[in-house]
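Chains U and Z supply the protein sequences, listed in that same order. Just so we're aligned, residue 0 is where the first sequence starts under numbering that gives the first Met the number 0, counting upward by one. Just so we're aligned, residue 0 is where the second sequence starts under numbering that gives the first Met the number 0, counting upward by one.
Just so you know, the hints here were simulated from the structure itself, not pulled from any lab data. Treat the hints with caution; some may be incorrect.
[Said to hold, decoys possible] Chain Z residues, not near chain U, derived (Cβ > 10 Å throughout): (1) Phe23; (2) Gln231; (3) Pro274.
[Said to hold, decoys possible] Now the in silico label distances, taken between C-beta atoms and shown as ranges: (4) Ser124(U) <-> Asn17(Z): 51 to 59 Å; (5) Lys35(U) <-> Glu283(Z): 44 to 52 Å; (6) Ile487(U) <-> Asn17(Z): 23 to 31 Å; (7) His84(Z) <-> Gly381(U): 35 to 43 Å; (8) Lys462(U) <-> Gly367(Z): 39 to 47 Å; (9) Ser411(U) <-> Asn17(Z): 53 to 61 Å; (10) Gly367(Z) <-> Pro333(U): 35 to 43 Å; (11) Asp48(Z) <-> Leu479(U): 53 to 61 Å; (12) Leu233(U) <-> Thr234(Z): 50 to 58 Å; (13) Thr136(Z) <-> Lys351(U): 36 to 44 Å; (14) Asn262(U) <-> Glu283(Z): 25 to 33 Å; (15) Lys162(Z) <-> Lys351(U): 41 to 49 Å.
Beta carbons: idealized from backbone N, C-alpha and C, even for Gly.
Here is what each chain is made of, one letter per residue.
Protein chains: 2
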Amino acid sequence: MSQLLPNFLKQRAYLTPNRTALIFEKEKWSFSDLYKKVEVYAKKIASLDIKTQDSIAVLLSNSPQTVIIIHALQQIGVTAVFLNHRLTANEMVFQIKDSGSKILISESQFENKLEEITQLYNDLSIISEVDIEELDTKKNPILNEFRMDDVCSIMYTSGTTGKPKGVLQTYGNHWWSAVGSALNLGLKEEDGWVCAVPLFHISGLSILMRSVIYGMAVYLYEQFDEKEINQQLLTGNVTIMSVVSTMLYRLIDDLEDKRYHENFRCMLLGGGPAPKSLLESCLEKNIPVFQSYGMTETSSQIVTLSPEDSLIKLGSAGKPLFPSQLKIMGEGKPLELNTLGEIVVKGPNVTKGYLNREEANLSNFKEGWFYTGDIGYLDEEGYLFVVDRRSDLIISGGENIYPAEIEEVLLSHPMVKEAGVTGVNHSLWGQVPCGFVVTTQSLEADELINYCHERLAKYKVPKQIYFVDALPRNASNKLLRRKLQDLI
Amino acid sequence: MSQLLPNFLKQRAYLTPNRTALIFEKEKWSFSDLYKKVEVYAKKIASLDIKTQDSIAVLLSNSPQTVIIIHALQQIGVTAVFLNHRLTANEMVFQIKDSGSKILISESQFENKLEEITQLYNDLSIISEVDIEELDTKKNPILNEFRMDDVCSIMYTSGTTGKPKGVLQTYGNHWWSAVGSALNLGLKEEDGWVCAVPLFHISGLSILMRSVIYGMAVYLYEQFDEKEINQQLLTGNVTIMSVVSTMLYRLIDDLEDKRYHENFRCMLLGGGPAPKSLLESCLEKNIPVFQSYGMTETSSQIVTLSPEDSLIKLGSAGKPLFPSQLKIMGEGKPLELNTLGEIVVKGPNVTKGYLNREEANLSNFKEGWFYTGDIGYLDEEGYLFVVDRRSDLIISGGENIYPAEIEEVLLSHPMVKEAGVTGVNHSLWGQVPCGFVVTTQSLEADELINYCHERLAKYKVPKQIYFVDALPRNASNKLLRRKLQDLI
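Chain U on its own, in the form it takes in the complex (with noise of 0.2 Å):
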């Protein structure tokens, strides 16, 4: 039998109703003004012909109304489908249809996207915020439990293959993941979380987690925006903050001379190792940094550097969560230290697949482990070191992109015969997508990079285009997407 919990908010707003659960702009909600807020949601979304554990895919802004929506679901048990706004529609279809989410909940600021989305997707409900209010009002559909196995959200990742797979995280992934970082980080009273990247990432739907786990603030923030934040940080209210590199670039640029609080204990810090020269400018302005590496399959950050061992450990993620695990295989075999081999983790954390894809669950867990497709080792401490993350995935500003989705947009144009993807170095965003292609007949960069841009998100479409005769392969044909570089 699953394991049950307390319905996680309802708990937490029995036990410390008077603890600041919100903060936004000028706005601040308690514990329990939050449940107050969300029970009224939940019964209404209730009311519409839905069941626990059916999906409702959500594509709403970081605000107060998403957190209640996002709450409300969760009050019913009803799983939440995250559509990342920078998709196409053509990209948010995909991920609506193949969740079987029925409804769309999403707010008028999206508008021009959902006008496409409904022309794609004829039969699908979108229901705005504005529109639940108005919904009838059900009696009890609020559940006194959470069963750790249910899947509480789902979120969209590519892979090998180009298809991107939705990961459902469960009840007891966020559970395990908000107590796994408790126990690195430690919990204060005074905690305060700042929430300045996006709710339909793992990185900000995570915080909100631990926000009903721990009885903790969350301060929210619509956009990044580095003079907002620096100010916050000076205050002393906060004590933790999620970021990417590029974030921490531009805080500490506008910082200048001023130091924060503190107060501040924790720059949380994900998507990759940090350069030194950041670890330096870190140490040097007393911003405690804690790089993780981690992924939406573990429900945010598996593996943690602290930022004592930043320096001497410089380019290590660090160490596994408490209940999480860590090991190096290579040819069926777990390696010896210091040897280079696929990374697989195993946890409570770890999600339990990907939603309908038997294929890659068969090719992904094994005996209870997650082969993650990224290589790296482990030095005789134990500290990992991720050297090639999985499907030369490349991460830019923070957002995960696949080299695999954009290559098959690519081999979709008449003209072109190959196509590989890769990413280079940006100063600002870490790194940038750029592609090779092979083409049956000459053809101009515009019309490709062009034609990328009507079906891939912004972020998504290579930056550079270059044509050549072939592409690096190895003896069983297979494009090696590491030595495109070299053609430049």
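Following the hints, complete the assembly by docking chain Z onto the known chain U.
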């Protein structure tokens, strides 16, 4: 399938090898030091004729050696049966046999008791720490993972029947108890927990479990000595201490005009609500007292009251830990607020049952809820008030005393016809047991007291015996222990 987590101590020694694990007198062990010692012991104990989930009884004092043995048993998945030092040999042998233990690990200071035990149970193999050192070494017995459903420890507790029952405490129970406590009290890197309560009680053992799960130092004391502890609490090295009222009185008395270091953040008080005068003294001396309600079956606290609420909600036990739930039942139905009924609890920290006590398990566990037998109510804000401990439990200096167990001994005397035992207030111990008997012929109180001394641990022996004509009983002839006091 039962959930797996990494072997607690092994994982802790990998993640934070250099953090302090244990401090005893002038000695100090890091988690790495501790694990190395434990590994040696585990391999030696594994060479005995035992297998995973067999039981070994332990009769050990609060010492580093005991900490090592407790962890060593966990490393090889052997269940530890904790014997209270103060029990008679007869009582101990009952627990050893009932738990199916063929081996008892003990130490020279219990020599006399061990001789008595040997006389009563010839086949028992008694091993001292010195003997362990001389055992063979088994290869690779150390578990990589703990199965959360496996039984880690057994502690005996009595009930209405008078026969002690073995409470099965799983690895999961200890894990969730530690996590629930951290979510309530917070968790700081500088935390250190004073353990001056016995390791054979759940109050002591739970500190050891938290230590490895949190990566926190335990300041271990063989005995409670207010002067020594106060000295420690003044330094700022320790931040939390587990106490019962008796200990807290003695600490405060000895403290005089001095004040604890500002790092000290929590007196975790077990064993019933504190009197107002004690809370007021603590408030005046700036000592934050967290009152708690719990039992062996809940693997330590399950309900706590924060210092802010301690005077507003005087006499309340507080609210449940986050993963746990609470309700008040009467006649098979949950009761309204402010209505007296049986306290019923649920949570992953609650025991899965009593060893080999099918009947007690059937009557105490229903639909995942544990019926404590304690009487209480919830106020309008959901705070628990415990009005009567189960089976008229007497709590004397932190030890649980069950009247039924003493009554059974009194009734076994040839001249005693009826017997009732209740607690009467005592300035130092909180309560002490007093006996009320109806005899067939005239008898001296001293004779009965001596009779008890031969059969019961000293703290259980009635301090007074009253000879009466009849005992107060209800219509169905059930003894009304609460009315015994009126006979004085």
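Hint check:
1. Residue placement check: Phe23(Z) keeps its beta carbon more than 10 Å from all beta carbons of chain U (closest about 25 Å).
2. Non-interface status of Gln231(Z) relative to chain U is upheld: no Cβ of that chain comes within 10 Å, the nearest being about 22 Å off.
3. Consistency note on Pro274(Z): stated as away from chain U, and its beta-carbon is indeed over 10 Å from all of that chain's, at 26 Å minimum.
4. In this structure, Ser124(U) and Asn17(Z) meet the distance hint of 51 to 59 Å, their C-beta atoms being roughly 57 Å apart.
5. For Lys35(U) and Glu283(Z), the Cβ-Cβ distance of about 38 Å falls outside the hinted range of 44 to 52 Å, so the restraint is violated.
6. A C-beta distance of roughly 46 Å is found between Ile487(U) and Asn17(Z), which places it outside the suggested range of 23 to 31 Å.
7. Hint check: His84(Z) to Gly381(U), Cβ distance near 40 Å, so the stated range 35 to 43 Å holds.
8. Between Lys462(U) and Gly367(Z) the CB atoms are about 56 Å apart, so this pair departs from the stated range of 39 to 47 Å.
9. The hinted window of 53 to 61 Å between Ser411(U) and Asn17(Z) holds, with their beta carbons roughly 55 Å apart.
10. Between Gly367(Z) and Pro333(U) the CB atoms are about 38 Å apart, so this pair conforms to the stated range of 35 to 43 Å.
11. For the pair Asp48(Z) and Leu479(U), the supplied restraint of 53 to 61 Å holds, since their beta-carbon distance comes to about 58 Å.
12. Taking the beta carbon of each, Leu233(U) and Thr234(Z) are about 34 Å apart, not inside 50 to 58 Å as hinted.
13. Distance hint for Thr136(Z) and Lys351(U): a CB-CB separation of about 40 Å, consistent with the stated range 36 to 44 Å.
14. Against the hinted window of 25 to 33 Å, the Cβ-Cβ separation of Asn262(U) and Glu283(Z) comes to about 29 Å, which satisfies the hint.
15. The hinted range of 41 to 49 Å is satisfied by Lys162(Z) and Lys351(U), whose Cβ atoms lie roughly 44 Å apart.
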